[in-house]
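Enquirer: The residues making up each chain are set out below.
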Amino acid sequence: MMELGQHHVPDANPARDEIRDVKGGLRPANALIASEVTFAYGSGPSVVKNISLTVPPGAAIGIVGESGSGKTTLASLLIGMLKPTTGTVTVQGRPWDTVGRRDPLRRAVQMVFQNPYTALNPRLTALDTVAEVYQHARGAKKAESFERARDLLNRVGLNGVALDKRPGDLSGGQCQRVGIARALAVEPSVIVADEPTSALDVSVQAQILNLLSDLRREQGIGLVLISHDLNVVSYLTDTAIVLERGQVVEQGDTTTLLQSPTHPYTQRLIASIL
Amino acid sequence: MTHPLLQASNVAIEIDGRELVSGINLTVEKGQALGIVGETGSGKSLTCRAFSGSLASIGGHVSRGTLTLAGKDIAKPGAHANLYGRSVSLVPQNSLSALNPLMRIGSHLTETIKALDADLGLGPKKRAAQLLERVGLHDPERILRQYPHQLSGGMRQRIMIALAIAGRPELLIADEPTTALDVSVQKEIIELLVRLTHEENMAMILVSHDLGVVSAATHSVAVMYSGMIVEHGPTDTVLQNPRHPYTKALLSARPVMGHTGRLVGIPGAPASPDAWPKGCRFAPRCRYAQSACNDAVPVPVSINEEQLVACRRVHELATLNGAEVR
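Protein chains in written order, with this note's numbering: chain A, 1 to 274; chain B, 1 to 326.
Keep in mind the hints are simulated off the structure, nothing from the lab.
Cβ coordinates follow ideal geometry from the N, Cα and C atoms, glycine included.
Careful, some of the hints might be misleading.
One-sided and incomplete, this derived list gives chain B residues near chain A with beta-carbon spacing under 7 Å [stated by the list, open to error]:
1. 3
2. 39
3. 40
4. 155
5. 180
6. 183
7. 209
8. 212
9. 213
10. 216
11. 257
12. 263
13. 265
14. 266
Let's have the full structure, built from the sequences with the hints guiding it.
Expert: Structural data, given as structure tokens:
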């Protein structure tokens with residue numbers, strides 16, 4: 001189910017109250033809920049206006065719009081990096097501003113960034129990057145952290161010598177896999193991916209899109225996909241919202257929205273695809 | 001005897017003694033648009049640098065083959081000295097950051113116009129305003145006074161195109177001109193480039209990793225992989241009936257609205273030039289590769305009068321079901 005403003009999108013897969021994570025623990029459904037969120041930088045105009053959405057387990061929501069439409073600001077609000085001017089974003093039932101920096105709940109929503117090279121520490125190998133996060137998040141012993149990091153990197157398709165390479169020696173696609181493995185290391189309920197494939201070649205893009213799709217289906221991780229590429233949104237998401245100047249102008253089932261757009265802005269975006 | 005505008009015959013490019021591009025055979029006629037597609041590291045930009053004479057700035061040179069522009073040999077270093085801007089011009093990659101942030105748009109344009117002696121008798125300022133109109137920027141007087149940061153990405157790209165056409169070149173090379181732009185701006189820029197090639201009677205080489213962009217704007221396309229052209233032919237033919245396994249795989253890997261089912265990615269990643277295999281460079285990632293594919297670099301073969309494919313199994317694969325091709 002996804003709530004948008006005053007509207008409700010028909011729910012194909014009703015959310016359960018709780019979901020079981022990969023370690024057998026239970027996590028609440030609807031891990032991430034934004035309610036009537038508005039945000040302005042300083043005393044400037046609102047760049048995100050009255051947006052509501054719910055991310056159930058395993059759901060994939062696409063957020064589309066052009067530069068300046070508020071996509072990345074919305075992502076920052078969803079992961080708790082920015083505080084809404086009005087409205088709330090709750091993670092597993094708690095508003096972000098009640099979740100301290102060291103609270104384990106901080107990890108429930110993870111981000112995958114647009115530029116996979118600059119999102120990683122250039123001095124750490126792939127294995128170190130993921131093990132460090134695992135060790136820090138779990139308070140695990142070093143040996144266990146490396147073992148688990150290896151599993152996670154294998155899970156995202158990185159094996160062998162690639163594990164001991166630093167970002168500068170990895171391809172863009174490999175770096176993005178490390179970024180995804182790092183996000184998975186803290187067992188998030190939701191991944192917010194901000195243009196995760198726009199810096200990648202077409203063949204590598206397909207690998208990453210398939211990986212995100214698998215994580216969602218197999219581990220029930222909710223996905224918020226921010227993209228200006230409507231083909232990517234079409235492939236990966238069930239529901240989509242279209243943002244124009246911080247406002248939702250259209251939302252609904254992705255296939256329906258892209259095949260029969262009703263808002264002129266959405267129609268213009270679709271007509272622009274070459 | 002009339003020459004093609006640009007003719008590359010068996011061109012190879014070396015940097016620091018390593019041959020990074022080889023076997024480039026391309027012809028561009030006046031009024032025609034050629035697309036070059038391929039992944040990162042396939043040699044697209046190096047090839048364009050050879051055509052525009054900007055290899056030397058990165059320590060490269062044309063090491064083999066012949067390269068002519070309007071009949072003049074442009075393979076040797078320095079051969080472009082009087083040609084760049086006038087005969088051939090480049091809209092570079094990352095051109096959004098190519099403008100000097102401390103210079104007004106007017107200064108960028110008038111400086112270029114003066115350097116190329118290309119004011120067409122109007123004087124640099126009037127010619128600058130005219131160029132802005134040509135690239136679809138209205139209110140040129142205001143824009144000439146502005147700094148780059150005051151313009152949107154799409155407007156800055158139009159300025160870069162205005163700078164590139166200031167000297168009325170015969171060949172415009174656009175290297176990933178829309179990569180950082182929104183989808184609607186991308187369409188506008190591609191339409192602008194197509195319009196300008198018609199109106200200015202230029203030829204265009206459009207480099208892109210986006211097959212949609214190339215499909216919309218070019219007459220012919222060359223698909224590059226690991227420093228070589230693996231398929232070349234009319235754009236519609238190549239994209240609708242790709243014959244090289246790499247071109248097929250590229251098309252299958254691309255999400256297309258309305259198509260359902262899992263994307264077929266290409267496993268692995270292109271090898272670095274140090275690790276290029278002796279035979280077909282795509283073979284390690286190719287689903288149709290056989291051991292013989294590793295023996296020698298495949299020679300491009302003509303499979304009809306217009307399509308060239310560098311795959312030793314191309315005729316054999318034609319009989320297989322093309323189900324993987326969308």
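Enquirer: Each hint: holds or not?
Expert: Hints versus structure:
| no. | hint | in the structure |
| --- | --- | --- |
| 1 | 3 | 32 Å, violated |
| 2 | 39 | 4 Å, holds |
| 3 | 40 | 5 Å, holds |
| 4 | 155 | 12 Å, violated |
| 5 | 180 | 9 Å, violated |
| 6 | 183 | 5 Å, holds |
| 7 | 209 | 6 Å, holds |
| 8 | 212 | 4 Å, holds |
| 9 | 213 | 5 Å, holds |
| 10 | 216 | 4 Å, holds |
| 11 | 257 | 4 Å, holds |
| 12 | 263 | 4 Å, holds |
| 13 | 265 | 3 Å, holds |
| 14 | 266 | 4 Å, holds |
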